[in-house]
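There are 2 protein chains.
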Amino acid sequence: MKKSFLVLSLLMAVILFGCNQNAKQLEPENTIIKDPLPSWNEGPAKKSIIDFVNAVTTKTSPDFILPADRIATFDNDGTLWAEQPYYFQLQFAMDRVKELAPEHPEWKKNPVLQAVINDEIDKLLSFGEKGLLELIMTTHAGITTEEFSQIVKNWIATARHPKTGKLYREMVYQPMIEVLEYLRANDFKTYIVSGGGIDFMRPWTQEVYGIPAEQVVGSSVKVAFEMRDGKVVLVKLPEINFIDDKEGKPIGIHQFIGKQPVAAFGNSDGDLQMLQYTASNSKKSLVLFVHHTDSIREWAYDRKSHIGKLDKGLDVATAKGWTLVDMKNDWKNIYSLNLLN
Amino acid sequence: MKKSFLVLSLLMAVILFGCNQNAKQLEPENTIIKDPLPSWNEGPAKKSIIDFVNAVTTKTSPDFILPADRIATFDNDGTLWAEQPYYFQLQFAMDRVKELAPEHPEWKKNPVLQAVINDEIDKLLSFGEKGLLELIMTTHAGITTEEFSQIVKNWIATARHPKTGKLYREMVYQPMIEVLEYLRANDFKTYIVSGGGIDFMRPWTQEVYGIPAEQVVGSSVKVAFEMRDGKVVLVKLPEINFIDDKEGKPIGIHQFIGKQPVAAFGNSDGDLQMLQYTASNSKKSLVLFVHHTDSIREWAYDRKSHIGKLDKGLDVATAKGWTLVDMKNDWKNIYSLNLLN
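Residue numbers (the working numbering), protein chains in the order written: chain A, 343 to 683; chain B, 343 to 683.
A couple of the hints might just be wrong.
For identical chains, the list gives no copy identity; a pair is met inside one copy or between any two copies.
To be verified - SDA-like, lysine to any residue: derived pairs with alpha carbons at most 20 Å apart: (1) Lys625 with Asn396; (2) Lys465 with Met479; (3) Lys601 with Ala555; (4) Lys601 with Glu488; (5) Lys662 with Glu568; (6) Lys495 with Thr635; (7) Lys601 with Pro554; (8) Lys625 with Ser491; (9) Lys531 with Gln548; (10) Lys531 with Pro409; (11) Lys625 with Thr487; (12) Lys651 with Leu467; (13) Lys654 with Asp571; (14) Lys389 with Asn671; (15) Lys531 with Ala555; (16) Lys601 with Ile493; (17) Lys651 with Glu589; (18) Lys495 with Gly552; (19) Lys601 with Ala566; (20) Lys674 with Ala642; (21) Lys573 with Thr665; (22) Lys465 with Pro504; (23) Lys573 with Ala661; (24) Lys531 with Ala410.
By construction, these hints were calculated from the structure, which means they are not laboratory data.
The shape of chain A in the complex, shown without the other chains (with noise of 0.2 Å):
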């Protein structure tokens, strides 16, 4: 695993909220009646999911799944939600240095740092992953778990796209909530496995995409036990723990759910693996790649992006016939329809 990966995979990963609606299930009757997918057009790759709902919920189908092994995880950076310019997580950090900079003085000594507060991102990035790392322990570690996970709260709120200016939290992708609806109401449990924090995504995946804190896998520092007035903190250190990215997706999922999924969503390198696994399965699986199009009304970007670089998974995808997403034609809908504005 190369190291760079390790690190901008460790800045993946943000939030949205925003849509209560997000998380509720169809109805069983909505699914027959209603389009499951209304904000994706007809096509196959709209067809190869419900082809695959249908095959392995039927209870007469040879390839019929048990609800027990019905397991679907979901890359969430450029699959559940936009990853440009940079990842959003990377953003919370940057602005998590800029906050608490008036109290740390001697930061101004320190040129990563200096970067950030100076809004000079290509001088930040010319620090290469050990100047990222050094944010991210920065402002990812210190503090306990539950003082962490409300400045999160606090970030995913109010913090904008400095492009669309949407709140983060806005810019999920309504075909993926759509999915994540459908598969849920067929019984199928429904997980975020992402090289981003864990402890930054789990305070908004139940709002934003009706996920539960404990269907999310993702990357992590250390923590501490401490007891402090007779109360049990976890406290973060700036140690890794684990990074969720590449081959650390099958590991990540054997290590958290202990099965094999049957389906698998991702849209870049780093989810190759946990696609390469679920296809392993000995049972039918679903195997789909996000393919980034449409420069209008998203970004346009696979094999030569520095964030979400689709290529060996593209040519794999392509041999292996699995499901490739072609946002700009397959997509009705981008972001979120419960816009806040």
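Using the hints, position chain B against chain A.
Frame of chain A; chain B shown alone:
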């Protein structure tokens, strides 16, 4: 964390199976008409469980807890099933050594493995933590997670306890099975949080306890991602990944579940930190130790036991007024009533 605890706790956990009945949830009407805990004698322990459930599930109660926050965690060895004269997982490891010995003539030169082959338990234990670690690594690594799962399934279906003659999977505590069912019937999510091996428990917890693999937290070795014949396999490595004991229990709960429990059940000092973490929840909580007091029907042990030592925990529980289950007087039955023989 003391090293000896690390190793001992890695040796915890085994199997039980047997009773599909266990997995069934009580129908709501049963919980109203019938005693939800028929194997419990009336007394303060039983009362504290029922009072807690009523207090947190009654909508008009000041202690009402939303279903999403009803997280209950259970230690396994000594809490859900027996653990004497030594953790059942140790017997599994020893049985595995004997099974594999014919293919490994070189083991004859290894004093640890030779002690196992010769049934010299005391000699094995005399090698201390280093010996036990070697035993675990010899038997729990070098194969794929799927192969290991199958080996565990075969063992749990057939292996018998040296003293009782029962299948290990029959040595689950009926009163605790009733607590699991009672909590689930009241919308609690029940988890195992054990020092035992996660891959050792997951193959049978659904059948025995009604707890799915994804709700089992335990100790683990590292695994490696490999492609074999075009399919992904995960290979268990002879290297500790996580020890889910003592301080490790709250840390494991945070990592795997991401929510602070409101109910926790243990039987030893290895569970104390999990119980303290649960008691630290700002919500109403139920915190309970099973005290092994029945030398006739089971085993009587606490402060001085080398397995499942309950010493500091007993002091803290008494000082804090936590629930203490007196196994001899509180439980009408000990083992599963769904015995196969």
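Original post:
What hint numbers does the structure not satisfy?
Top reply: Number 6 - this is the single hint that the structure violates.
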